[in-house]
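If you're matching them up, the sequences are chains Z and W in order. Mapping of the first sequence onto my numbering: residues 434 to 677, in sequence order. Mapping of the second sequence onto my numbering: residues 434 to 677, in sequence order.
Read the hints as simulated data drawn from the structure, not as lab findings. Please read all numbers here as calculations on a predicted model, not as lab measurements. A portion of the hints provided could be inaccurate.
Copies of the same chain look alike in the list, so a pair counts if it fits in one copy or across any two.
To be verified - Below 20 Å or equal to it, Euclidean Cα-Cα: the simulated EDC-like pairs (lysine to aspartate or glutamate) are: (1) Lys614 <-> Asp625; (2) Lys633 <-> Asp606; (3) Lys633 <-> Asp598; (4) Lys633 <-> Glu621.
There are 2 protein chains.
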Amino acid sequence: MKIHVLLSPLNADEIYFTGKTTVVIDILRATSTIVSALDNGAKEIIPVNTVEFAMKVSGTSFGGQTLLAGERNALKIDGFAMGNSPLEFKPEIINGKSIILYTTNGSKAIVKAKFSENLFIGSFNNLFAIVEHLKNLGEDAVIVCSGMSGMFCMEDSVCAGMMLDEIRKTTPDLELTDSGKACLVLYENVKDDLLAMIKKTEHGRILEEKGFAEDLEHCSKVGISDLVPVYSTGVIKPFVKEEI
Amino acid sequence: MKIHVLLSPLNADEIYFTGKTTVVIDILRATSTIVSALDNGAKEIIPVNTVEFAMKVSGTSFGGQTLLAGERNALKIDGFAMGNSPLEFKPEIINGKSIILYTTNGSKAIVKAKFSENLFIGSFNNLFAIVEHLKNLGEDAVIVCSGMSGMFCMEDSVCAGMMLDEIRKTTPDLELTDSGKACLVLYENVKDDLLAMIKKTEHGRILEEKGFAEDLEHCSKVGISDLVPVYSTGVIKPFVKEEI
Numbered sequence: 434m435k436i437h438v439l440l441s442p443l444n445a446d447e448i449y450f451t452g453k454t455t456v457v458i459d460i461l462r463a464t465s466t467i468v469s470a471l472d473n474g475a476k477e478i479i480p481v482n483t484v485e486f487a488m489k490v491s492g493t494s495f496g497g498q499t500l501l502a503g504e505r506n507a508l509k510i511d512g513f514a515m516g517n518s519p520l521e522f523k524p525e526i527i528n529g530k531s532i533i534l535y536t537t538n539g540s541k542a543i544v545k546a547k548f549s550e551n552l553f554i555g556s557f558n559n560l561f562a563i564v565e566h567l568k569n570l571g572e573d574a575v576i577v578c579s580g581m582s583g584m585f586c587m588e589d590s591v592c593a594g595m596m597l598d599e600i601r602k603t604t605p606d607l608e609l610t611d612s613g614k615a616c617l618v619l620y621e622n623v624k625d626d627l628l629a630m631i632k633k634t635e636h637g638r639i640l641e642e643k644g645f646a647e648d649l650e651h652c653s654k655v656g657i658s659d660l661v662p663v664y665s666t667g668v669i670k671p672f673v674k675e676e677i
Numbered sequence: 434m435k436i437h438v439l440l441s442p443l444n445a446d447e448i449y450f451t452g453k454t455t456v457v458i459d460i461l462r463a464t465s466t467i468v469s470a471l472d473n474g475a476k477e478i479i480p481v482n483t484v485e486f487a488m489k490v491s492g493t494s495f496g497g498q499t500l501l502a503g504e505r506n507a508l509k510i511d512g513f514a515m516g517n518s519p520l521e522f523k524p525e526i527i528n529g530k531s532i533i534l535y536t537t538n539g540s541k542a543i544v545k546a547k548f549s550e551n552l553f554i555g556s557f558n559n560l561f562a563i564v565e566h567l568k569n570l571g572e573d574a575v576i577v578c579s580g581m582s583g584m585f586c587m588e589d590s591v592c593a594g595m596m597l598d599e600i601r602k603t604t605p606d607l608e609l610t611d612s613g614k615a616c617l618v619l620y621e622n623v624k625d626d627l628l629a630m631i632k633k634t635e636h637g638r639i640l641e642e643k644g645f646a647e648d649l650e651h652c653s654k655v656g657i658s659d660l661v662p663v664y665s666t667g668v669i670k671p672f673v674k675e676e677i
């Protein structure tokens, strides 16, 4: 089993993902938010890569049962119902709804990886579920760190490192490229306090300044969800076992 | 003083470099080769980003005193005088010559960063010279890891980490982004044996298989050159102090 890590979605083009098994990570905050929304009863998430397309999808599809969510510069977009904080997505607001999600990094990375054969949404929150799912599949995979405006970010790479660390515990022949080995080193360096790591990151500091300190705490929690969100033909839904 | 690191040239576009002070690193092997060539008497290096442009420049300019050098898949290109091994660039072959250099990663990264205000060529071989030069300039800077076909590679990032480690020894207010902090962690992890690190990298293993084991040894040597190669208007020459 071979796992490669892209430290930025810009490392590859869309065609790269054709036929691959892919996990997209955006700890702060898109993929943490997707896990939270589905855990709290959202019907599905529709990730989009432009605000304009979010507006268009919202106006024409899904029978009015949609909520526009997302951020620009970490803040809710004018005219959107919700921002990109996982704590906003409460059951009473989102139950049964289709959520159209636009974010600066994560939703774009997911859309970029759309040609993947299998496309999963990963975070610290559902880390063990994703790891188990990858091990059961037994396929080579690529983990995409959404990063920050095309650049490397620490928190996504540390999460990738933790996934690889878990997988190698029961997969002695796990093959890694340089980027995966780097993620393992970065994870080892901070594994005793993931929240402290997140607070020191570029993105974590921006979010804390803008009043989202609670999000950092939530996004650093490992294994609080059993969900494996799967992207297929434009929407993300929880994986259901019978689909195998 | 703030230093940012691009872990791949794909992390930014050409315009990003406008006005910046930039160091490009391609340990295996373009920037190690450039240092070696200039140390051994080459007049200048002309980095190019396509083989076609290399041919064109070779045919029309520099009064016949040119040598075509470079590689595709690590091997010398048909019709080129030289490959991309730093050990090939011996004084008796290259003295006084203009060397047109095409490589898969490094020469392209240099050309991409051409709008930089200051553009330097860095490697383990001339690491202390580059560090001293950056400290003397005292400007914010960006270090570009050339990587491997757009992906992260370990050896360039470890070299960036060593540069940052040297700079922070005398620059207590050095500001780093997530990528710079990651490079420091990666350097700390392997600093006791850089050659062993290089031998384990994806690129190092490919080069060793193709018969370039001696190149790995050469490229891992720290501070064997005092040169600061500077790119300006298409050509790379050694920095001369009087230019300040």
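Hint-by-hint comparison with the structure:
1. Proximity of Lys614 and Asp625 under a CA criterion of 20 Å is satisfied in both settings, with 19 Å inside one chain copy and 17 Å between copies.
2. Within a single copy, Lys633 and Asp606 get their C-alpha atoms only as close as 34 Å, which misses the 20 Å cut-off; across copies the closest is 16 Å, which meets it.
3. Taking the shortest Cα distances, Lys633 and Asp598 sit within 20 Å of each other only across copies (19 Å), while inside one copy they are farther apart (22 Å).
4. For a Cα distance limit of 20 Å, the shortest separation of Lys633 from Glu621 qualifies both inside one copy, at 16 Å, and across copies, at 19 Å.
Violated hints: none; the structure is consistent with every hint.
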